[in-house]
Every structure is written in structure tokens, then in C-alpha cells.
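*Asks:* Taken in order, these protein sequences are the chains called A and B. Each step along the first sequence adds one to the number in numbering that gives the first Met the number 0, with nothing skipped, and position 382 is 381. Each step along the second sequence adds one to the number in numbering that gives the first Met the number 0, with nothing skipped, and position 112 is 111.
One should not assume that every hint holds.
Since the list can't tell identical chains apart, any single copy or any two copies may satisfy a pair.
Said to hold, decoys possible - As a list, the in silico BS3-like pairs of lysine-lysine whose alpha-carbon atoms are at most 30 Å apart:
#1 K329 x K35
#2 K132 x K220
#3 K285 x K1
#4 K44 x K280
#5 K97 x K215
#6 K214 x K313
#7 K215 x K79
#8 K97 x K211
#9 K44 x K1
#10 K313 x K182
#11 K313 x K47
#12 K234 x K313
#13 K97 x K132
#14 K215 x K234
#15 K270 x K227
#16 K79 x K97
#17 K182 x K1
#18 K182 x K47
#19 K318 x K24
#20 K318 x K370
#21 K97 x K227
#22 K215 x K285
#23 K227 x K79
#24 K214 x K318
#25 K24 x K214
#26 K46 x K24
#27 K46 x K215
#28 K35 x K234
#29 K35 x K24
Everything labelled a hint here was simulated from the structure, so no lab data went into it. Bear in mind the structure is a predicted one, so any value in this text is a computation, not a measurement.
Number of protein chains: 2
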Amino acid sequence: MKLQEYFLLPGPTNVPPNVIRAMSKQMINHRGPEFKAILSGVTHKIKKVFQTEGEVFTLTSSGTGGLEAAVVNFINPGDKVIVASIGNFGERFRDIAKMYDAEVDFIDFGWGNCIDPQVIAERLGADTDHQIKAVLCQHNETSTAIVNPIGEISAARGDHPALLIVDSVSGLGAAPFDMDGWKVDVAVTGSQKAFMSPPGLAFVAANQRAMKIAKKNQNRKFYFDLIKAQDMLEKGQTPFTPALSVLFAVEEALRHIEEVGIDAVVADHYKHRNLVRTGLKAMGLKLLAPDEIASPAVTAVACPDGIDPLALRKVLREKYNIIIAGGQGKFAANTFRVGHLGAVQSMDLIAVIAGLELALTELGADITLGKAVAEMEREMLRY
Amino acid sequence: MKLQEYFLLPGPTNVPPNVIRAMSKQMINHRGPEFKAILSGVTHKIKKVFQTEGEVFTLTSSGTGGLEAAVVNFINPGDKVIVASIGNFGERFRDIAKMYDAEVDFIDFGWGNCIDPQVIAERLGADTDHQIKAVLCQHNETSTAIVNPIGEISAARGDHPALLIVDSVSGLGAAPFDMDGWKVDVAVTGSQKAFMSPPGLAFVAANQRAMKIAKKNQNRKFYFDLIKAQDMLEKGQTPFTPALSVLFAVEEALRHIEEVGIDAVVADHYKHRNLVRTGLKAMGLKLLAPDEIASPAVTAVACPDGIDPLALRKVLREKYNIIIAGGQGKFAANTFRVGHLGAVQSMDLIAVIAGLELALTELGADITLGKAVAEMEREMLRY
Chain A
0 MKLQEYFLLP
10 GPTNVPPNVI
20 RAMSKQMINH
30 RGPEFKAILS
40 GVTHKIKKVF
50 QTEGEVFTLT
60 SSGTGGLEAA
70 VVNFINPGDK
80 VIVASIGNFG
90 ERFRDIAKMY
100 DAEVDFIDFG
110 WGNCIDPQVI
120 AERLGADTDH
130 QIKAVLCQHN
140 ETSTAIVNPI
150 GEISAARGDH
160 PALLIVDSVS
170 GLGAAPFDMD
180 GWKVDVAVTG
190 SQKAFMSPPG
200 LAFVAANQRA
210 MKIAKKNQNR
220 KFYFDLIKAQ
230 DMLEKGQTPF
240 TPALSVLFAV
250 EEALRHIEEV
260 GIDAVVADHY
270 KHRNLVRTGL
280 KAMGLKLLAP
290 DEIASPAVTA
300 VACPDGIDPL
310 ALRKVLREKY
320 NIIIAGGQGK
330 FAANTFRVGH
340 LGAVQSMDLI
350 AVIAGLELAL
360 TELGADITLG
370 KAVAEMEREM
380 LRY
Chain B
0 MKLQEYFLLP
10 GPTNVPPNVI
20 RAMSKQMINH
30 RGPEFKAILS
40 GVTHKIKKVF
50 QTEGEVFTLT
60 SSGTGGLEAA
70 VVNFINPGDK
80 VIVASIGNFG
90 ERFRDIAKMY
100 DAEVDFIDFG
110 WGNCIDPQVI
120 AERLGADTDH
130 QIKAVLCQHN
140 ETSTAIVNPI
150 GEISAARGDH
160 PALLIVDSVS
170 GLGAAPFDMD
180 GWKVDVAVTG
190 SQKAFMSPPG
200 LAFVAANQRA
210 MKIAKKNQNR
220 KFYFDLIKAQ
230 DMLEKGQTPF
240 TPALSVLFAV
250 EEALRHIEEV
260 GIDAVVADHY
270 KHRNLVRTGL
280 KAMGLKLLAP
290 DEIASPAVTA
300 VACPDGIDPL
310 ALRKVLREKY
320 NIIIAGGQGK
330 FAANTFRVGH
340 LGAVQSMDLI
350 AVIAGLELAL
360 TELGADITLG
370 KAVAEMEREM
380 LRY
């Protein structure tokens, strides 16, 4: 008999029982009044999470589909854009923008750092004739487990009119995000991260300034056309049949987020981040991100010398029923990642750290059993 | 208290209880061994439904996303293509192909007809230097409720090398389809039609000839890139996080389809088609499609003179908890459609026809109560 996994990926994430149950609802007419009410309610609540009064579009796709929509609607072929990257998803944003013929100025801040807003300020300051049309970056870079200072990056634009387009697929709901307050123009998220729902829906938020640009956009697009989505949204519909069950799940998850408030949800993510970091540090493991910029969604860890992260994850999965993620990109060979995004409890993190104590010991590392867990318990009693 | 609707749309369709329950499964790692086994099993079973030994790709999108994938991977910008249309989705296929710069020869066979293979044969026969790269058409045209003779259309190509690209979103599993036997090159379907699952996944099948063309395709695409999907499928993965819960549903639904066999599933659809047509005819209503080409997925009906289909559907919904579809496109103003696709039972159709007897009477039509139901019962006893 297979028991419930300890499931700590940076997406998909654990879905709470009531959210799972919300998917036991039968199909409804996606052109009818009940759907209209659900879509309208979900859109309203997601706006509060983005903290925007702009538009929010619901797309049936993974987060990457949402990123493609952000490129093909708001960037024109030939546009100069800055892609500010600190990891794998920065490179993906670059690849999508290049695919659609943007002229990309790729600024690589290096894996393990966050974006330096000063560099963005200088680059845009030198662009006196406003040839640069957009700055693209991640809110939370899942591969390196680092959060970018989106508010400061936005402010670094000064009077430059470039759009700020933010991939917040794994960031929104975990790290603070104030779309309108920070003057972010476009932001993308997904159902399977802090929204505690299964994958299948992406949400693209865009302010009026961005929508004006989208109206004149020259890129070829059909499925990801947000002007068409805007027309349909006025009727309470999506252009194409949406992933209804996932929408039912998101509706239920948003009920919880609204109830406790987005600030409390974000605060919980930081508590979990700090807790897992305490445990990992007590085990003597090296964390990739410095504390100040460490992600509240996921923690990336260097595997001790001589231990293969694949072997470690295999022991965790097969002996302790614990699922964590491997490293990504440049870090794939010698790191692993612990997700703490969405519906995570402190005791899940205790279980993961205890599992790591055991598995690392079995693989020959010198670990003082129970020490990391004890440190975490002490921290938990201080709350 | 809201009771279970009689839900007879041509998609999304009613999802059986065991398929709904399959979605109560918790998330799993989409880069892990369990996912690989599920994707491989689903792919294998869907190939049997398509009747192909070619590739089948699982995309997280509506059916339209699958149609876009079929265009951007297999048609090059500037390619001459024939779009053979008999309704709304023919026009959509044309719009997608044009969006991606195909030079479209749009052949409109008229709403209410099926495609005449002879016309395709003549058009391709005249194209002696093989400038036409593809023929695009619907298997089942949902708007007019008509099935096209795909096998004959395919054969009409003769020795012409044009690809045959078929939108079978609402056709596959309802009407016979023999992809390899008929030499169809590309076919698209969705999870929310005969597959008895919620919307959220599209499936694109492609043979070796089509995949060779896809490898050299010049269209810009990122999310819908099937060559990338092919690379990932070899590892048992999808390029981007898939709609896991919908996949769990499809897995369960396919178990049923495999158990009873695709021929029996298709035969049931024809039985339901005939039953609903018997009832509608007995009520004196005019059906849009002639019997020979009438869809096994949906039946389109002319509303009696003086009765507004919107008002009719409102009475059905509010008084009898019955959901049917409105007309589409040119037929929107004076028709309605009854879906009988996927998990439909004969008694659901009895309920719909009884509801129509009641609602039409209330709206002033001259209906002999019970007559249509009696005809259907007689037909059911003959099985």
C-alpha cells in the first residue's frame, strides 16, 4: 500500500483535502451563468493577491504558457528588451523573447545572486531615446532559490517607459508582491504553486498601460491572444474551454487565502523558509542563497562532497516516502532543492530534515542524528 | 439545494463518478517514475483510440491549443494549404492557419453539408507541382453536427503528398477513426469530449511523415513545440508542468474505453444519436443534418417558428435542470444543440426529450405530450 508522500517540490505542490474535494464537482457549461459567477469571483480574488486593479486573464496552460502570453502580447517583433536573469527561468524568458524576434539584451547576474537594480537603472538611463521596450525578470527564481527585489527593479526604471514584465509563477503568494504599488506592468503566475491547486491554469495580470500596447501588438498568436481574452472576459467567459476542475480547485484555495489574508500566507512562507534553513544549516549543509535574498518558496542546497544528489533523492523517496527536487541547470549535478511552497506544514519540514539526517548518514555523511531537528524544534517553540 | 444537472453539451461533457474520483489523487512529481508510468500508459491507450502507431503528444491546453500546435508544427509560413470547412470550427482552422501565414485556399462546403471528397481530389489533381502542403478539416463539425468522411477525403489525395491534418476534438471516440488505416497524418483531440474527462488536455497525434516535416518547420513556437515534446516524451515527461489531475482523470476514463473496446464506445454513440433523433423527429422538429452524415456527438435542431432558443434553454435549465447548447455561428439565432458525447445514458436522452416536450409546450408550441418519449421507448425495446 502506497501511503501519502511528503511532497516538497517547488511545484506542483501539495493540494489540501478541501481543494482536492472541490474538483469532485461535475462539469458545468463554460458559457453559462454559473461559470460566469465562478470566473468573476476567482478573477476578483486573484487581483487581490496580485494587488492590482488591472486585468487578470485565466489561461489553460502551464506557467510557461503564461510567460509566452506575456511575450507575444506585450512585446513586438524587433523590440529591444532587457532580460535580467539569475538562473534557469531567466534563460527560459530569454529563449521565449528571442523566439518571438525580440532583440534581447541578456544581463546575467550569475546563478546565486539576485538582480542588481542599479545595473538596470544604468542600462535604461543610457537608453535616452527609449529604444528599450520592456524589462523581463523573475520574481522568484526557482532554479537558484532566490527572490529578486521587484519593487526596486521597477523603481530603477525612473522615467523610462519600458514595461516591467515579471514571471511570478513560483513567487506570487509566497513572497510579497504589490503589482500596482510597485508599478509592475505585467505579471504571470500559475495554479500549482502558492495557490495550492493542481497545475493546468496560468494567470496573467496586466495594467492599462500594458493593455494599450497589447492592442497594437504585431506578434502572431491565436491561443494566447489576450485581447480576445479581454473581450470574452467582459462576457464572463474565456475564449476557449477552460480547465474547469482546476478552476474549481483554485476557487476553493482562494477562499482560504482570502480568509487568512495574503500577508499571513506570505508570512507563513517565510516562517517555513527560516525553519528549513535552520535545519539544513544545523546539519552542516551549504545553502546556495544568502539569507537576505533566500526564497520563501524553495531552498537550494549543495550536496555534501562525494554524495550524488540523485542517490540521495532515491533513498528519501524509496525508504522515507519524501519527494524533494533535484538541482536545475548548472546546479543539477551537485545540489538538491526542498520546496516549501503552498500547503506546507512545519511538521512536513521536520520530516524532510529528519529524512535527510537519515539518508545522508546511510550514504556515508557524518551527521549527528537528531541535531537539526532539535534546532528546528527550538525555533518552533520561539514562535 | 442544487441537484445534479442533466448535462448534454457537446463538450465539456459529463464526467463519470470514478473519473471524478481519480482526480482526488494527490499531486505527484512530474519528473519522477510514477508520472512516467502514467504518461506512458495514457499515451499507449490513446494511440489505440486514434488507431495509430505514430506519436501522441499530451498538451496542457484546450482543444484549440492542440489545433494551434497542429498548424505551427506542420505548416510553414507561406505554405499553400486547403482548409475544407463545413462550419464554425472550419472557420477557426482557417483563422489559425492564416494567423501563422499559411496561404489558405478556403473551401466552404456550406453549413449543413459534409465535405465532398471529389472537390478535394480535383483541387489536388490540378496542383501538379505539389504546391499544396496540407489539407485541414474537421472530423466532427460541432457547430453543424455533421461528420466528414475522413477516410474518403484522405483517399482523395491520391498520390499528392499534401498532409491531412484533422481536427477530431469532438470526433474521436464518438465516430469511427482509423488514423493509420486512413493515412491521416495529424489528428487532434481533447480530454473533455468522448474521453469523459474534464477539459485541460489536448492530444496531438502525428505520423512519421508529419514529424519529419515538423523537424524542419520554420514557424515560431515555444509552448506548442512538438519536437521539444518528442524529446521529452522519450524521457517519459512533458516539456512543461502538465495538468496532472486531468491526466489522472483521462487515465481512468481510458481504462473503461480499453475494457469495453473503442468499437463498442463508438457504437454506443450511434445508438444515442439515433435515439435522440427519433425523439426529436417524433416531436415534429427539423434536424439540421441529414441522417447519413449526422454526428454521433451532437444533434443540431431548428427551433420551432416563433420560439427563441435562448428562452427555451432558460426554461430547460431553470425548471428542469437540463443543460443543452445554443446554436453556433450562422445558426445561433434559431437553433439549439443536444450533446450526446461521452458518458451519456439513454435515460438522460429520454429526460432531455421529455423536458423539450414540456418546455416547448409552455412556450406555446403544439406538442403531443409523451409522444416523442414513447417513440424512443419503442426504439429502446428493439435493441
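*Asks:* Run every hint past the structure and note whether it holds.
*Replies:* Verification of the hints:
no.: 1; hint: K329 x K35; result: between (45 Å within a copy, 24 Å between copies)
no.: 2; hint: K132 x K220; result: both (19 Å within a copy, 21 Å between copies)
no.: 3; hint: K285 x K1; result: neither (33 Å within a copy, 55 Å between copies)
no.: 4; hint: K44 x K280; result: neither (37 Å within a copy, 47 Å between copies)
no.: 5; hint: K97 x K215; result: both (20 Å within a copy, 18 Å between copies)
no.: 6; hint: K214 x K313; result: neither (50 Å within a copy, 35 Å between copies)
no.: 7; hint: K215 x K79; result: both (17 Å within a copy, 28 Å between copies)
no.: 8; hint: K97 x K211; result: both (22 Å within a copy, 24 Å between copies)
no.: 9; hint: K44 x K1; result: between (36 Å within a copy, 24 Å between copies)
no.: 10; hint: K313 x K182; result: neither (44 Å within a copy, 44 Å between copies)
no.: 11; hint: K313 x K47; result: neither (40 Å within a copy, 34 Å between copies)
no.: 12; hint: K234 x K313; result: between (49 Å within a copy, 17 Å between copies)
no.: 13; hint: K97 x K132; result: both (14 Å within a copy, 27 Å between copies)
no.: 14; hint: K215 x K234; result: within (22 Å within a copy, 40 Å between copies)
no.: 15; hint: K270 x K227; result: neither (41 Å within a copy, 38 Å between copies)
no.: 16; hint: K79 x K97; result: both (10 Å within a copy, 27 Å between copies)
no.: 17; hint: K182 x K1; result: neither (47 Å within a copy, 43 Å between copies)
no.: 18; hint: K182 x K47; result: within (15 Å within a copy, 52 Å between copies)
no.: 19; hint: K318 x K24; result: between (35 Å within a copy, 21 Å between copies)
no.: 20; hint: K318 x K370; result: within (21 Å within a copy, 66 Å between copies)
no.: 21; hint: K97 x K227; result: both (24 Å within a copy, 16 Å between copies)
no.: 22; hint: K215 x K285; result: neither (49 Å within a copy, 45 Å between copies)
no.: 23; hint: K227 x K79; result: both (25 Å within a copy, 27 Å between copies)
no.: 24; hint: K214 x K318; result: neither (54 Å within a copy, 42 Å between copies)
no.: 25; hint: K24 x K214; result: neither (36 Å within a copy, 41 Å between copies)
no.: 26; hint: K46 x K24; result: both (24 Å within a copy, 29 Å between copies)
no.: 27; hint: K46 x K215; result: within (24 Å within a copy, 42 Å between copies)
no.: 28; hint: K35 x K234; result: within (8 Å within a copy, 40 Å between copies)
no.: 29; hint: K35 x K24; result: both (16 Å within a copy, 28 Å between copies)
In this structure, the hints that do not hold are numbers 3, 4, 6, 10, 11, 15, 17, 22, 24, 25, in rising order.
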